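Colleague: Just so you know, the sequences run in chain order L and Y.
As numbered in this note's numbering, the first sequence has no gaps in its residue numbers, which increase by one up to the final residue, 338.
As numbered in this note's numbering, the second sequence has no gaps in its residue numbers, which increase by one up to the final residue, 258.
It cannot be assumed that every hint is accurate.
Said to hold, decoys possible - Derived pair list, reagent style DSSO-like, types lysine-lysine, alpha-carbon separation capped at 27 Å: (1) K96(Y) / K132(L); (2) K135(L) / K119(L); (3) K177(Y) / K135(L); (4) K255(Y) / K208(L).
Said to hold, decoys possible - Covered stretches of chain L, as calculated for chain Y (at least 3 residues, CB under 8 Å): (5) 43-54; (6) 88-95.
Said to hold, decoys possible - Computed Cβ-Cβ distance ranges for the label pairs, DEER-style: (7) G37(L) / F16(Y): 33 to 43 Å; (8) R149(Y) / V66(L): 51 to 61 Å; (9) D108(L) / T26(Y): 33 to 43 Å.
In case anyone wonders, no lab produced these hints; they're calculated from the structure.
Computed from a prediction, not measured in an experiment: that's the story for all the values here.
Glycine residues also receive a C-beta, built at the ideal position from the N, C-alpha and C atoms.
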Amino acid sequence: MIEVAGLTKRYGPTLAVSDVSFEARKGEVLGFLGPNGAGKTTTMRVITGYLPPSEGKIRVAGYDVVDEPLEAKRRIGYLPESPPVYPDMTVIEYLAFVARIKGVARKDIKTRVQEASEKCAVTDVARRQIGKLSKGYRQRVGLAQALIHNPEVLILDEPTAGLDPKQIIETRELIRGLAGQHTVVLSTHILPEVSKTCERVVVISQGKIVAQGAPDELTHRLQGFETVLITIEGPAAEVMEKLHRVGGVQMVEPRDAADSRTTFEVQAEKGRDVRAELARAVVESRWNLLELKTSGMSLEDIFLKLTTKDVSEDSVARNQPSALLEGLHAEADRSEQH
Amino acid sequence: MRNVIAVAGKELRHYFHSPIAYLVMTVWAALCGVIFYILTAAFVSQALRMQMMGGMGAPPMSINEFIVRPMLQGILMVVLLFLLPLVTMRLYAEEKRSGTIELLLTSPLTDMQIILGKFLGALVLYSVLVAITFLYLAVLFFYGNPNARPLIANALGLLLFGAALLALGMWFSTFTKNQIIAGVLSMVIFLLLFIADWPQNFSSSAPVKVLAYMSLSNHLDNFAKGVIDLGDVVYYLSGVALGIFLTARSVDALKGRA
Ligand SMILES: Nc1ncnc2c1ncn2[C@@H]1O[C@H](COP(=O)(O)OP(=O)(O)OP(=O)(O)O)[C@@H](O)[C@H]1O
Ligand SMILES: [Mg+2]
Numbered sequence: 001m002i003e004v005a006g007l008t009k010r011y012g013p014t015l016a017v018s019d020v021s022f023e024a025r026k027g028e029v030l031g032f033l034g035p036n037g038a039g040k041t042t043t044m045r046v047i048t049g050y051l052p053p054s055e056g057k058i059r060v061a062g063y064d065v066v067d068e069p070l071e072a073k074r075r076i077g078y079l080p081e082s083p084p085v086y087p088d089m090t091v092i093e094y095l096a097f098v099a100r101i102k103g104v105a106r107k108d109i110k111t112r113v114q115e116a117s118e119k120c121a122v123t124d125v126a127r128r129q130i131g132k133l134s135k136g137y138r139q140r141v142g143l144a145q146a147l148i149h150n151p152e153v154l155i156l157d158e159p160t161a162g163l164d165p166k167q168i169i170e171t172r173e174l175i176r177g178l179a180g181q182h183t184v185v186l187s188t189h190i191l192p193e194v195s196k197t198c199e200r201v202v203v204i205s206q207g208k209i210v211a212q213g214a215p216d217e218l219t220h221r222l223q224g225f226e227t228v229l230i231t232i233e234g235p236a237a238e239v240m241e242k243l244h245r246v247g248g249v250q251m252v253e254p255r256d257a258a259d260s261r262t263t264f265e266v267q268a269e270k271g272r273d274v275r276a277e278l279a280r281a282v283v284e285s286r287w288n289l290l291e292l293k294t295s296g297m298s299l300e301d302i303f304l305k306l307t308t309k310d311v312s313e314d315s316v317a318r319n320q321p322s323a324l325l326e327g328l329h330a331e332a333d334r335s336e337q338h
Numbered sequence: 001m002r003n004v005i006a007v008a009g010k011e012l013r014h015y016f017h018s019p020i021a022y023l024v025m026t027v028w029a030a031l032c033g034v035i036f037y038i039l040t041a042a043f044v045s046q047a048l049r050m051q052m053m054g055g056m057g058a059p060p061m062s063i064n065e066f067i068v069r070p071m072l073q074g075i076l077m078v079v080l081l082f083l084l085p086l087v088t089m090r091l092y093a094e095e096k097r098s099g100t101i102e103l104l105l106t107s108p109l110t111d112m113q114i115i116l117g118k119f120l121g122a123l124v125l126y127s128v129l130v131a132i133t134f135l136y137l138a139v140l141f142f143y144g145n146p147n148a149r150p151l152i153a154n155a156l157g158l159l160l161f162g163a164a165l166l167a168l169g170m171w172f173s174t175f176t177k178n179q180i181i182a183g184v185l186s187m188v189i190f191l192l193l194f195i196a197d198w199p200q201n202f203s204s205s206a207p208v209k210v211l212a213y214m215s216l217s218n219h220l221d222n223f224a225k226g227v228i229d230l231g232d233v234v235y236y237l238s239g240v241a242l243g244i245f246l247t248a249r250s251v252d253a254l255k256g257r258a
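The following block holds chain L by itself, in its conformation from the complex:
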């Protein structure tokens, strides 16, 4: 439903997003997780057609956002980081205006406004001026605005930011309820949030994707491995076998293969540097060792920059890294039970 391929965005000399590629499938909720300044907002602005990409192709519901912007925009509902509301309008006036510019047929506007207000629980303030609403209500009006034309795709930039714990839970429930009928991409820098709302996560840091997968998949990768990338010229199957037998190695996975050379991702026990032993094993077998390095980007380092405490939880602050991992495990377990 959303295909982003090789997206790069520069603001003048600043590189905000670099070669980002991912996909969101129809009906799924995709989480966009990253610390502050990672490039989440920038990516969303490019997908919604607010900013043009410096490089790369973006397609929404089959339409290229650069070549056919209007067709793509018709199918997108977008909640920016701060809700784009006009404080002098009432909620009804505002939603009716948004419905009109989003191309809702005149005769359907009333029912659409009604439905969206009900879904986002703003009916009781429908005739109030938006400027006089609380932050939480304003955020919900923003969400109603994004839903107003019943778009196939919803892009939500930190939809729970600034809400109180009760509102956060309600908003997450609302978003989960939208899955299926809508494809949702939401951004957050709150670690537990993704496991609660998303089926798949893209982790982004400093403009680059550093991991993607299901939330529990990511937790496994977080269990504290030392990751080493090794490129070898030799018979792939045998090499793999051999690497596996090196002491301390827990997992070997082929990552890249070209001709007779293969790059493997080797995960070893925490705190154990297996590089010397790996190299020896390769050389003993007379294969060619082309490259050997520790994986530059440590997922854990990135996760440490994320907000690990969820305001909707009444638990005590967990700021120990190990506690953070336990927290994520618990989340993953809970979401499996769902």
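Put chain Y with the ligands on the given structure of chain L with help from the hints.
Modeller: Relative to chain L, chain Y with the ligands alone:
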């Protein structure tokens, strides 16, 4: 078109939800009233004096010449230089400040539909001002017999003059997130455009002639006299087109496209 009207309607809502519309209308109506009263009183007293002096041979004084023309040309024009920036300053600056520009630019609207909608909204409010002026002038029909034909030219001139200012003011509003800065910038530029023909009084070099052509006030002369000159119409319409074109360029640059 539907989209243009939706945006225009939104702009009008903003005007009437805020004090801006009422402020502009009140100031305008009051000033029009005062100016109209003074000019009419002066006209009446002078007409009486001429009668008493028994100047039967002199041609009758023209209401159009003595009341309408100075009103438009001399005074209202200057008032507009300060009043219209209040109308245009919010158009883009406020959307940029509040982030609602993101809503507009991610909606299935073309940039031009948004620009025309905003311009139209401002123009409708301005048309109300013009209508107020001509309500006053309608009074003249009860007490005298002004020539109606020139009044059409007068109204058209005032409308075109204002439209050009609105389009340019909209452009200035794209430069900043701050309404006040946009407003002050518009006033300064409008004033400069207004006095652009002054150097003509002491020089007649080519650049001075160009400046004089650009002057906003020069082109209202004919309209104020009650004459519709195609050249003047083209001048103001070019001003409108230029303002809209520059706004489009500026919005484009805003998105980092240019
Ligand atoms: N308009 C801009 N001009 C210049 N640089 C920008 C602009 N907008 C964002 N950036 C830079 O691009 C990078 C990515 O910013 P972005 O807003 O996309 O991050 P984010 O992931 O949304 O962060 P946050 O969690 O704080 O919202 C940052 O380094 C930021 O400073
Ligand atoms: Mg952001």
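Colleague: Hint by hint, note whether the structure agrees.
Modeller: Going through the hints against the structure:
no.	hint	in the structure
1	K96(Y) / K132(L)	holds (20 Å)
2	K135(L) / K119(L)	holds (18 Å)
3	K177(Y) / K135(L)	holds (22 Å)
4	K255(Y) / K208(L)	holds (22 Å)
5	43-54	holds (count 6)
6	88-95	holds (count 3)
7	G37(L) / F16(Y): 33 to 43 Å	holds (41 Å)
8	R149(Y) / V66(L): 51 to 61 Å	holds (54 Å)
9	D108(L) / T26(Y): 33 to 43 Å	holds (40 Å)
Checked against the numbered hints listed earlier, the structure breaks none of them; every hint is satisfied.
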